[in-house]
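A.B. asks: Could you slot chains B and C onto chain A? The hints should help.
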Amino acid sequence: MLRKTLGCFSLLVLVFSLTVSARAQSHDPLSLNAAGATFPYPIYSKWFDEYRKAHPGVEINYQSIGSGGGIQQLKAGTVDFGASDMPLNDQLLGTFSFKILQFPTVLGAVLPTYNIPGVSAELKFTPQALADIYLGKVTKWNDPEIASVNPGVSLPANDIVVVHRSDGSGTTFVWSDYLSKVSPEWKSKVGSNTSVNWPVGLGGKGNEGVAGLVEQTPNAIGYVELIYAIQNHLNYGTVENSSHKFIKASLATVTDAASGAAVQMRQDIRISITDASGANAYPICSFTYLLIPAKIANATKRDTIKDFLHWMLTTGQTQVEILHYARLPQAVVGIEERQINEVQ
Amino acid sequence: MSSNVTVVKRAPDSGSVRAFLHKLAVGDAVAHLITLVCAASIVLITSVLVYQLWTNSALSRHAFGWHFWTTQAWDPVFEHFGALAFLYGTVVTSVIALALAVPVGVGAAIFLAELAPPQVSDMLAFVIDLLAAVPSVIYGLLGIFVVVPFVRVYLAPFLESALGSLPLFKGPSYGVGILTASLVLTIMIVPFIISVSREVLLAVPREQREAALALGATRWESTIKVVVPYARAGIAGSIFLAMARALGETMAVTMVIGNEPRIAASLLAPGYTIASVIANEFTEATGSMYLSALIELGLVLFLVTFILNGLARLLILATEQRGGSHA
Amino acid sequence: MSLRTAWRKSVNVIMLSLTGACTLVIISVLFFILGYLIWNGGKDISWDFFTKLPAPVGEPGGGMANAIVGSGKLLLLAMLFGVPIGVLGGVYLAEFGGRTFGFLVRYTTDLLNGVPSIIIGIFAYTVVVVPMHRFSALAGGFALGVMTVPITVRSTEQFLRAVPNPLREGALALGASKWKSIVTVILPAASSGIITGIMLALARVAGETAPLLFTAFNNHYWSSGWNQPVSSLPVMIYLYALSGYRDWHEQAWAAGLVLLAFVLVVNVSTRLVLSRRTSVPR
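Protein chains in written order, with this note's numbering: chain A, 1 to 344; chain B, 1 to 327; chain C, 1 to 282.
These are computed hints drawn from the structure, not numbers from a lab. Just to be clear, a hint being listed does not mean it is correct.
[Unchecked claim] Quick list of the computed label-pair ranges, beta carbon to beta carbon: (1) A/S154 x C/A261: 47 to 53 Å; (2) C/F31 x A/H55: 49 to 55 Å; (3) B/R206 x C/P84: 40 to 46 Å; (4) B/G65 x A/S188: 25 to 31 Å; (5) A/W311 x C/L104: 21 to 27 Å; (6) B/F126 x C/G61: 49 to 55 Å; (7) B/P157 x C/P131: 51 to 57 Å; (8) B/K225 x C/K43: 50 to 56 Å; (9) B/S165 x C/L104: 31 to 37 Å; (10) A/F246 x B/E79: 35 to 41 Å.
[To be verified] Here are the simulated lysine-lysine pairs, BS3-like style, with alpha carbons at most 25 Å apart: (11) A/K124 x A/K245; (12) A/K124 x A/K301; (13) B/K225 x C/K9; (14) A/K140 x B/K170; (15) A/K189 x A/K140; (16) A/K137 x A/K245; (17) A/K137 x B/K170; (18) A/K53 x C/K52; (19) A/K181 x A/K137; (20) A/K99 x A/K248; (21) A/K75 x A/K99; (22) A/K181 x A/K124.
Each residue gets a CB set at the ideal place from its N, CA and C atoms; glycine is no exception.
Bound conformation, chain A alone (with noise of 0.2 Å):
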């Protein structure tokens, strides 16, 4: 009796995944593949899903598993495109055994975000406090170098719960990158890269894990991307930029730490734009970039990619703000027209 109830419950099961699958599979939708940064998850998902609603039958699956993840799966083939915060240099480039073109996307801005008990202020960080606290100088909260500059505000004596990222992270690139901007001590011990060897802290992956782990922890401090300091409900401060301002990030200080860029970004796309100048400038902003392969056999995958871009350039580009990214210049979007056309 058992066993017969069993085999038929079996039974159910194999026919239920059956019809379902043939179901999906009756529309046969265009399924593209893409992997990489975590930085503009928020925007990329909501990208896909609202291009899906454009063009039913065209699915475009994005895991995000960190920029180091995407260079990767998108040299081992694995994945149509990829995404990635860092912009490849021409070493990075080397190592690929087929031409890749760099879209940059959007800008975004990646924030100091902390979790203390009892402080809802929002707090003043110098760089050289937030060297120092990565780099494990300054282990409590009521430091001088942060209460200094935070007077009024009443920090805990707490020990600080340092997170970075446990991936191969563009945000971690542009977090080291700035940093190692302003602070030789940590440029000559660290560096800046998708991976560095963190001096102290605990790994979260992924802007989503790090941001967990901010919540969930007491007296923790973390660099995530601002959409998710915003839909995670995380206190974030501002950062003194090189005009010696405190700037909290926001769609106008990001876009003017992208102002000067166009004109650079005509030799050579790729840029960064940590420690901008500008009065107004959010000194730890990025453009983040599509990493689209120059050739691609496929010629309906092709064909969508490149409607993709342009639809991204054009429809998209007015879905980000809402998301708290940037749009990109208007000067760049003029270059990456040109530069689809590179893609056959």
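C.D. replies: Just chains B and C now, with coordinates in the frame of chain A:
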């Protein structure tokens, strides 16, 4: 069962006895062949697995040699890879988990084998086997939302205040860390110790217990001085099995260990294990050296669990044979 | 009563109660796990959870319909791969096996059983994903299938051996050839045990996450066919639990409840069937 018996059927109305014989013979031979191929494919799969692990880690093995296991650095940028931190994390979490799990597990096994009435014992053993069936990711889920806050809010401060003079318990309590991972591992491996130890204890012949009791021992004394030593090989086997399981455990540990490739004196600090680093970094290992280093870690994990499992089986077999047949 | 005897008697009582306490602790852990999952997951189980696709990041709502179906698909592929090899391999060991080769097969089966699941994942990556140049349900199913083989082989062999010899001899005496007696008499006699062995193996791999991380990968949409990345419950639980989104945490609990319910139901029902026969192979 190895003789291939071909039954000759007397077919009175056929001129094709030979053809029929032939068909029969072919049928059996075909069946033998098919099942042989399937059995051989198991051997093939395992060999290919070992071969792949060996060849794909060759780059790293030749570059670093034995230094791989004595260096702490894990630097993908400069391609300096050293496994010491992962070895430390793996060994320490497993040892602590065993230290906690063995007394509890053997204790429960003793209760189930010696004291509980047979039906109660069977039912409880059944329930404990279910604990072994819970997927690792669910232990991880509970680890993040139950064990981590517990360690951070209650256990770590308590340990720091009581034993804070020892470097083992110094440092801020993150919640995640080596201790938390060890606690989660403990719960995961206890069912294995209990179920194997219980069977091994049940296999000890009655005469041994009765002899001890006849000599005036209390129940406890007969258990701890006669039955358990008699079954000690099997219990040791269960410990090896549990250890192999703990060493290879990936998901639950990854979710609560803190992902920090560094050796720290304190148990409250974050760490990293071999299985966790493979899970976290495999998809992003750019460069063949990086990938090769990760696979070398996998190779060693495989070898260690292989040896432990082999020893465990031998010990359990030895005890069961010694004890004679059991129900 | 001398002091020594009193001491021995009290030690006896204390230690035996301690062992009882150990057992109680372990049992209560299981009930705690179950209770906590039902409490937290039960709140968020909804029709949406079973029928909707995941929502874009940060937007509340959505469900795990594709993960549930994806897990089903992976189990199906695992069965397709693992059951023939496992059952037929078990038949070989029980009915045809030579001494040395049979020993080799049993030894490697035990070896395969002890391999950590992440290593199986590496193996499937190098053998399926890299040549195919894509993550796929096939790679995930292959990894899971490899994990079901040892359990299936051992339980098949055990239950075949348990079929009484008179049954075998009777079949042969009636004129059946060896293979025919296996197919028509011996296998059916052992079938309930073999099927329960298969189900146990499936319940075991249903909860595996590590081998899927770089084989089946993940998919936000319905995955068509067998050569696309596919979503699965354990991977979704892992990803959602690690994030900071409260909505994702709730969905992770719900998924955990569904997964655990499946695993426990299969385990309980198969062990009930088996307890009427011999003990369960480990």
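A.B. asks: All hints, please: hold or fail.
C.D. replies: Consistency of the hints with the structure:
1. A/S154 x C/A261: 47 to 53 Å: 49 Å, holds
2. C/F31 x A/H55: 49 to 55 Å: 50 Å, holds
3. B/R206 x C/P84: 40 to 46 Å: 44 Å, holds
4. B/G65 x A/S188: 25 to 31 Å: 29 Å, holds
5. A/W311 x C/L104: 21 to 27 Å: Violated: the Cβ-Cβ distance is about 59 Å, outside 21 to 27 Å.
6. B/F126 x C/G61: 49 to 55 Å: Taking Cβ atoms as reference, B/F126 and C/G61 lie about 40 Å apart, which means the hint is violated.
7. B/P157 x C/P131: 51 to 57 Å: Holds, since B/P157 and C/P131 (Cβ atoms, about 53 Å apart) stay within the stated range.
8. B/K225 x C/K43: 50 to 56 Å: 52 Å, holds
9. B/S165 x C/L104: 31 to 37 Å: 55 Å, violated
10. A/F246 x B/E79: 35 to 41 Å: 39 Å, holds
11. A/K124 x A/K245: Since the Cα atoms of A/K124 and A/K245 sit roughly 10 Å apart, the hinted pair holds (cutoff 25 Å).
12. A/K124 x A/K301: 47 Å, violated
13. B/K225 x C/K9: Within the cut-off at roughly 15 Å; holds.
14. A/K140 x B/K170: Holds, at about 16 Å.
15. A/K189 x A/K140: 21 Å, holds
16. A/K137 x A/K245: 24 Å, holds
17. A/K137 x B/K170: OK: A/K137 and B/K170 at ~18 Å, within 25 Å.
18. A/K53 x C/K52: 15 Å, holds
19. A/K181 x A/K137: 18 Å, holds
20. A/K99 x A/K248: 38 Å, violated
21. A/K75 x A/K99: Given that 25 Å is the threshold and the Cα spacing comes to 10 Å, the pair holds.
22. A/K181 x A/K124: Holds, at about 19 Å.
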